[in-house]
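Novice: Top line first, the protein sequences correspond to chains A and B. The first sequence maps to residues 1 to 352 in our numbering. The second sequence maps to residues 1001 to 1253 in our numbering.
Check before you lean on any hint, since a few could be wrong.
Distance condition first, Cα-Cα at most 27 Å in a straight line; then the derived DSS-like pairs of lysine-lysine [stated by the list, open to error]:
(1) A/Lys39 x B/Lys1237
(2) A/Lys126 x B/Lys1094
(3) A/Lys153 x A/Lys86
(4) B/Lys1062 x A/Lys316
(5) B/Lys1157 x B/Lys1052
(6) A/Lys305 x B/Lys1157
(7) A/Lys120 x B/Lys1052
(8) A/Lys316 x B/Lys1052
(9) A/Lys315 x B/Lys1157
(10) A/Lys33 x A/Lys101
(11) B/Lys1062 x A/Lys39
(12) B/Lys1062 x A/Lys305
(13) B/Lys1114 x A/Lys315
(14) A/Lys315 x B/Lys1027
(15) A/Lys86 x A/Lys329
(16) A/Lys101 x B/Lys1062
(17) B/Lys1105 x A/Lys305
(18) A/Lys315 x B/Lys1207
(19) B/Lys1120 x A/Lys316
(20) B/Lys1105 x A/Lys315
(21) A/Lys305 x A/Lys39
(22) B/Lys1237 x A/Lys316
What the hints contain is simulated information worked out from the structure, not anything from laboratory work.
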Amino acid sequence: MKQAWLYTFSFFLLMNCTSKEEENYTPVVYELKIPQLFKEKLINQIVPANNPLTQEGVALGKKLFFDKILSGDGTQSCASCHNPQKAFTDNLQFSSGIDGKQGIRNAMPLFNLAWNFDEKFAWDGKDFSLENQALEPVLNPIELHSDWKNVAKKLQNHSEYPTLFLQAFGTSNIDSTLVTKALAQFERTLISGNSKFDQYLLGEATLTPEEQNGFNIFMDEARGDCFHCHGSDNNPLWTDNQFHNNGLDASFSDLGLGAVTGDPADNGKFKSPSIRNLKFTAPYMHDGRFVTIEEVINHYSEGLKPSSTIDPLMKKVNQGGVGLSAKDKADLKAFLLTLSDDDFVNNPDFQE
Amino acid sequence: MKKILLLICLSFLLIECNSTDDVEVEKISVSLQFEHFWLASPLTASDLDTFKFETKNGDFLKIERLRYLLSNIYLINDNETFTFSDYTLIDLEKDDNFTLQLSEKIVPGSYQLKFRFGFKDDDNIDGAYQDLNTVNFNVPSMLGGGYHYMQFDGKYKDNNNQDANFNYHAIRAVDRSDPNNLVYEDTSFEVDLGTLSFISNSEITVKVNIAEWFRNPHTWDLNQLNTVLMPNFEAQKLMSANGKTVFSLGDIN
């Protein structure tokens, strides 16, 4: 009889436990603040059904993004290389991981990632989905160089995290899946769509004659012809998120997409970056070889290197490019800078 | 009350009758498939990125990108039209987007198959199609805006046998001789594949012969016309003329 009582008692205790978990598990839906031009011009962003955005999830992802607990020795976080003040990149050619080791790729800025419809991330598209991508930096010996068991254990023993995971995901059993889900939720909120050029398109700002001419060069097939890959007034992402060889090299030390697909026809192809926020994201290209926007423009104007995979949109390759005038170059730069979004880099929601 | 019951009964009977009437002609479904060729050789994504094609003019080329837009794809029977798609973008790189299904079943019989290469002016509305904006298929507003009809990019061996790029981009032709008064010519065109008869569920194949873009009636010389063709009024009219023999009817199964 006593035993029976004990059973019933513990049964109720357990019940209590679970129902308490359920009580806490009421994460609030997070509504993305989608810029008007994105709504008008683009198909809907990608949010996986098994990782809907919630306020608790986004807040947890943000905390994790800035927390050095994810690194092997507690010295680095995602934000060490992805600094909100720099549109979530750093200003180094190559960033160093916790052991001081450098890679061969420039850290990428992070914004508008939910509009990368093929969900191929990194310069060479090797990571499918934001959730999967986030697994990698924690392990990478040239980045946070830890292991997931260790990270999960540290988070589990932390004074706050178990409750935060409980609130966001209904369980306080922390593992890599939940950590990367939270990080991905935060990353999807990083939306940049309020540059001067956006305001101009919405009738809220005017361009100088130089900026206007720069835009015309960007759109002119005979001069810049940038729009075929980098978007336009009708594609506010300012990228096609596809992979091209834009003529940086005649032979490749980094095969880019080719190393991922194994197809030699993909050698030297890298993802077209968005040209938003160039004001904050120098140096440029997958290996950070260009320090200034002028160098980038000179490359397209007269620095093209022929190769079998160079994109057919690169014109007059044998002469190095179409040869823009000094005035056209200056105006093109002025236009490119109108795509920088100070609100984005100063958004308090994105600071530590 | 009895009358009402009778009426209800009758109406059920009538409805019954009606529906049996319909059942007598069983409706069929029709799909449409696009198959690509270079002359008689099948052309698929695996044929991209290698020099293997020779134009009528003797230019040796490789195809790196081929995307084109078809609109108003439909069957027409007397006055009734049945639409496969208002518009569709075919991308040779993606082998999964070449089949279209008629949205409703149709009565067996004879139908004309028609579609348009590109958008006719009325449909060619700048920025209006979100899926096409998302894949950067727009035409700059300085050329009148709207959308590309085709982006066909690759390399050819030039007169010095060096690799050179071509961008065979078809859009609505625009004459910019007077920048303040642009003159447009709608160079999209309708393809009429004739009258087809269907007795059971059918799959129509449309053959798309890419070589025709360089062949007929104008022999295309890539050494002359290779890049910056979008603002080239005459080149756009040549493309439109050559396009008319690109599409032909294949098998119906």
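Novice: All hints, please: hold or fail.
Specialist: Here's how the hints hold up against the structure:
Of the supplied pair hints, the one linking A/Lys39 and B/Lys1237 is violated, its CA atoms being roughly 35 Å apart against a limit of 27 Å. Distance check on the hinted pair: A/Lys126 and B/Lys1094 sit about 19 Å apart at the alpha-carbon level, within 27 Å; holds. At roughly 32 Å between alpha-carbon atoms, A/Lys153 and A/Lys86 are farther apart than 27 Å, so this suggested pair is violated. Using a Cα cut-off of 27 Å, the hinted pair B/Lys1062 and A/Lys316 holds, with the two alpha carbons roughly 17 Å apart.
The straight-line distance between the Cα atoms of B/Lys1157 and B/Lys1052 is roughly 11 Å, inside the 27 Å bound, and the hint therefore holds. As the CA atoms of A/Lys305 and B/Lys1157 are separated by approximately 17 Å, the hinted pair is consistent with the 27 Å bound. Restraint check for A/Lys120 and B/Lys1052: not satisfied, since their Cα atoms lie roughly 30 Å apart, outside the 27 Å limit. Restraint check for A/Lys316 and B/Lys1052: the C-alpha separation of about 23 Å stays at or below 27 Å, so the hint holds.
At roughly 15 Å between alpha-carbon atoms, A/Lys315 and B/Lys1157 fall within 27 Å of each other, so this suggested pair holds. The straight-line distance between the Cα atoms of A/Lys33 and A/Lys101 is roughly 37 Å, outside the 27 Å bound, and the hint therefore fails. Pair hint B/Lys1062 plus A/Lys39 does not hold up; C-alpha atoms about 38 Å apart against a cutoff of 27 Å. Distance check on the hinted pair: B/Lys1062 and A/Lys305 sit about 19 Å apart at the alpha-carbon level, within 27 Å; holds.
At most 27 Å may separate the alpha-carbon atoms for a hinted pair to count; B/Lys1114 and A/Lys315 exceed this at roughly 37 Å. Annotation: proposed proximity of A/Lys315 to B/Lys1027 is violated, straight-line Cα distance about 53 Å (limit 27 Å). Between the alpha carbons of A/Lys86 and A/Lys329 the distance comes to roughly 24 Å, so the proposed pair stays at or under 27 Å and holds. Of the supplied pair hints, the one linking A/Lys101 and B/Lys1062 is violated, its CA atoms being roughly 42 Å apart against a limit of 27 Å.
As the CA atoms of B/Lys1105 and A/Lys305 are separated by approximately 55 Å, the hinted pair breaks the 27 Å bound. This hinted pair does not check out: A/Lys315 and B/Lys1207 have alpha carbons roughly 32 Å apart, beyond 27 Å. Note on B/Lys1120 and A/Lys316: the hinted pairing is violated, with a Cα-Cα distance of about 33 Å set against a maximum of 27 Å. A distance of roughly 49 Å separates the Cα atoms of B/Lys1105 and A/Lys315; the hinted pair therefore is violated under the 27 Å criterion.
Only pairs whose Cα atoms come within 27 Å are accepted, and A/Lys305 paired with A/Lys39 is rejected, the gap being roughly 38 Å. Among the hinted pairs, B/Lys1237 with A/Lys316 is consistent with the structure: their alpha-carbon atoms are about 24 Å apart, no more than 27 Å.
Violation of the numbered hints given earlier is confined to hints 1, 3, 7, 10, 11, 13, 14, 16, 17, 18, 19, 20, 21; the remaining hints are satisfied by the structure.
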